[in-house]
Amino acid sequence: MQTFFSIGVDALAYGMILFVISIGLSVTMGLMRVINLAHGAFAMIGGYIASYAARDLGLGYGLAIVIAVLGTIIIAVPLERFLYRRIYGAPELTQVLMTIGITFCVIGLANYVFGPTLKTIPLPAGLQGPVDIGFRTIAAHKLFAIGCGVVVALGLWYLIERTSFGVKLRASVDNTAMAAALGVRTKIVYAASFALAVGLAAFGGVIGAELLPVEPYYALRYMVTFLVVVSVGGAGSIPGALIACLLLGAIDTTGRYLVPEYGEFFFYLAVIAIVWVFPRGLMGRAK
Amino acid sequence: MTALFEVDHLQKAFGGLNVTRDVSLALGKGDRVALIGPNGAGKTTFVNLVTGHLRPDFGQVLMGGEDISRFNPMRRVRAGLVRSFQVTRLFGEMTPEEHVALAILQRQGKSGRMAGSSQAMPDVMRETYEILETLNLTALGRVPVSEIAYGQQRLLEIALALALRPKVLLLDEPAAGVPHSDTFLIENALAQLPADLAVLMIEHDMDLVFRFAKRVIVLAAGEIIFDGLPVDATNDLRVREAYLGGYANGSAA
Amino acid sequence: MSAGVSVTAIPAQTRGWQRDLIGISVILIAALAGYFLFPNNLALLTRMIAIMLLVLSLDLVTGYCGVATLGHAALFGSGAYAAGIAAAHFGITEPITMIAIGAIGGALAGLISGVVILRGHGLAQLVLSIAIIHLFHEAANKASEYTGGSDGLSGISPDPILGVFEFDLWGRTAYVFGIVLLLLVFILLRILVRSPFGMLCRGIRQDPVRVSAMGASVKLTLIKMYAISGLVAGVGGAFNAVSTQVVGLDSLSFTNSAEALVMLVLGGVGSLYGALIGTIAFIWIEDLVSAANPFHWLTIVGALLIAVVLFAPKGLYGTAATFVERYRRGAK
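Chains as they are written, first to last, in the working numbering: chain A, 1 to 287; chain B, 1001 to 1253; chain C, 2001 to 2332.
Since the hints were derived computationally from the structure, they do not count as laboratory data.
Do not rely on the hints blindly, as some may be mistaken.
Stated by the list, open to error - Beta-carbon label-pair distances, calculated as ranges:
{"no.": "1", "chain 1": "C", "residue 1": "L2188", "chain 2": "A", "residue 2": "T120", "range": "14 to 20 Å"}
{"no.": "2", "chain 1": "A", "residue 1": "P213", "chain 2": "C", "residue 2": "V2115", "range": "33 to 39 Å"}
{"no.": "3", "chain 1": "C", "residue 1": "E2286", "chain 2": "B", "residue 2": "G1151", "range": "47 to 53 Å"}
{"no.": "4", "chain 1": "C", "residue 1": "L2188", "chain 2": "B", "residue 2": "K1029", "range": "42 to 48 Å"}
To be verified - Partner residues aside, some chain C positions facing chain B, computed with beta carbon under 7 Å:
{"no.": "5", "residue": "G2091"}
{"no.": "6", "residue": "I2092"}
{"no.": "7", "residue": "T2093"}
{"no.": "8", "residue": "R2190"}
{"no.": "9", "residue": "S2195"}
{"no.": "10", "residue": "F2197"}
{"no.": "11", "residue": "V2209"}
{"no.": "12", "residue": "S2217"}
{"no.": "13", "residue": "K2219"}
{"no.": "14", "residue": "I2223"}
Claimed, not checked - Where chain C lies over chain A, by a calculated footprint (3+ residues, C-beta under 8 Å):
{"no.": "15", "stretch": "4-18"}
{"no.": "16", "stretch": "25-31"}
{"no.": "17", "stretch": "41-52"}
{"no.": "18", "stretch": "97-110"}
Here a beta-carbon is modelled for each residue, glycine too, at the ideal position from N, C-alpha and C.
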């Protein structure tokens, strides 16, 4: 029972962090139809910036998060302008090559600047230690991660369903040419969504650093995990991504607890099984 | 006697919308039939049902009495039911010669051969150029398809269909996208189709329809409202109402 | 009319074979040049040959059939482990037999990968390909009894080739053996890509719907090509096991898969020459850079990729071929 409960909490926390990182990828893939393998690299950049701000500059956790998110967006915007824009609508192979090239560059540079070791982001006192929730105790940072996931999901839902930006975004996802004809400046929508996606990735990279440790190969290690969320959830679908994240979180965490000696074997087996059964995604639109 | 090709009480609905309602028709050897109808009449759905890209809710598609309703598109082609596409689907980097040779090899069951080359098979080459000659494409035999004019690409579509030696040929708007001045090229090509081949042509160009077809079927709102001689179609009240309007009145006057 | 056809057909064909003869001669000359110019670097050149086989194999599915995959090392690594395990655990140390076992191992892995990867399209296909390579990697790691796990599989000591040519310390035998294998594979692949089957595959890359409207099975054709591709990659992997006498887990890695794709794109997708040139260029640059500054290797690969996508999407060979073509047309 104790094991079952810890698996449950860990799975939920892990799933929520996956969600925060991947949801931006899902939105941009739905919008720009770019297979962005470099998405994890932005989460990693966020982690590094936060670690630098909190550990080396001694800033507070909250401030470190803000700096990480803004810093990552500042790094990403020129990339969108000069590299990504060139591959919108390009063949799949071109997109894969360009974005994996960006990933490799980021990994190489991170390795050079920060070295190959793990980087920690010191948690504030309030997030250290356990929290008593009546019948059990939970590590506070996991509770925080779960909370962040819920807030991000609700915030995104509000943004997309209730604001004028959301209307433009949905219109552009449905039919870019038509949206442009109706006066939506799709380039701006693209850039704004890209910045939002990258910002969320950085945010997820920071709050998830306890579970997905920040190191240079982060971007490669979790590449398939983030992609599979979009593939299983269906590009552009928030509920789809949420379900996919919770499912993958549960599978991965259970595997780690019950059969650690098999490493990620069962995780990848499950990925293949899920994609096999739902080649168009759980909530993907038939295309 | 069983018909060469038969569609039997075909039905299909999307959501609550009946797009194909109880459609039945039959084709015999050498038939030249045109299927016409206003936009939204369900012609595209009908083509997809017949070629196997959609599953009907009810009804059958038969070839020589054999039910092929459960066949996937590929098996229907092998059974002798071949289609052309409304928008040209060709291999841009390949030449007309390669296109036709590939279709012939596929028909002969040799497309899986991993050695040799079509150019070294005299019988394949001879047939390829016979077909290209029929369609006046010989001069373009070695030019990549992406570099030839659209009208000629349409002819190549017909060439491919011919190379497969179908029993029934479904031509989905063969003149679509071709400048009016070049329609005669398509028409000449259609005139050269083998006499015993059954052809069902879906077309918008009424001049072409009336010159080509010996029989016209009119589809409106998912059901067949007319099946008979072209001359009678122009005089049929329901057809006039549904679709032909101006043209019928004009020719009657 | 038919007489006219045969007249135009025959010269075109001989021209094709002449080009192949030139290509084979160029490979032979390059091989001899490598042997005499870099006698101390034969190990590097031998590794190049093994990787060339992997990249040729990838070209079959990516270049000729249009399947984007980031998991192709699964085929190469399976070949390497099949040959290595046969030698280290079952005492099958006859090199040509080892290559054959590797080829079969690769073909089986190709079959499995093909069936799995072709289930999806677009993103799903890519995810499946990445999952496959990780799955193979984890499986090899877990089965350490046979594979040696993360320590690698050692204890592979192949017999002399044909009982005569012993594998020497300088790697001369391995190099010559590799060149012979490469030429053999290259000639067979030239035949394959020009065959009706090769034409069908090129058709699938350009428009699968048209191919199925011709009555051909797209999926079956692609799976066949995957098995052949596995055969080729398996030969490469087995040759790597024979020549280095070890098999490491890195042969089954995502990085290995991605690098193979980079090499192919660098050289030019969809041409066998491009695969060869890309491999040489990549490994040569890798050797230079990692000698100078190993830290920056991945950065350079990334930058190289971005540069190729932006400035030379047809790769080195493709760009050169376009220039030559343009020059010829201009001269006419």
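Verification of the hints:
1. C:L2188 - A:T120: 14 to 20 Å: violated (54 Å)
2. A:P213 - C:V2115: 33 to 39 Å: Roughly 35 Å apart at Cβ, these two residues keep to the hinted range, so it holds.
3. C:E2286 - B:G1151: 47 to 53 Å: holds (51 Å)
4. C:L2188 - B:K1029: 42 to 48 Å: holds (46 Å)
5. G2091: violated (34 Å)
6. I2092: violated (28 Å)
7. T2093: Interface hint status for T2093 (chain C): violated (31 Å vs cutoff 7 Å).
8. R2190: violated (11 Å)
9. S2195: At about 5 Å, which falls below the 7 Å cut-off, the nearest Cβ of chain B leaves the hint on S2195 (chain C) intact, so it holds.
10. F2197: holds (5 Å)
11. V2209: Given a least distance of 6 Å, the restraint on V2209 (chain C) holds.
12. S2217: holds (6 Å)
13. K2219: violated (10 Å)
14. I2223: Hint on I2223 (chain C): violated, closest Cβ of chain B at ~12 Å, above 7 Å.
15. 4-18: violated (count 0)
16. 25-31: Violated - the stretch 25-31 of chain A has 1 residues with a Cβ nearer than 8 Å to chain C, which falls short of three.
17. 41-52: This one is violated; 0 residues, fewer than the three required, reach chain C with a Cβ under 8 Å.
18. 97-110: Contact hint for the stretch 97-110 of chain A vs chain C: holds, 12 residues under 8 Å.
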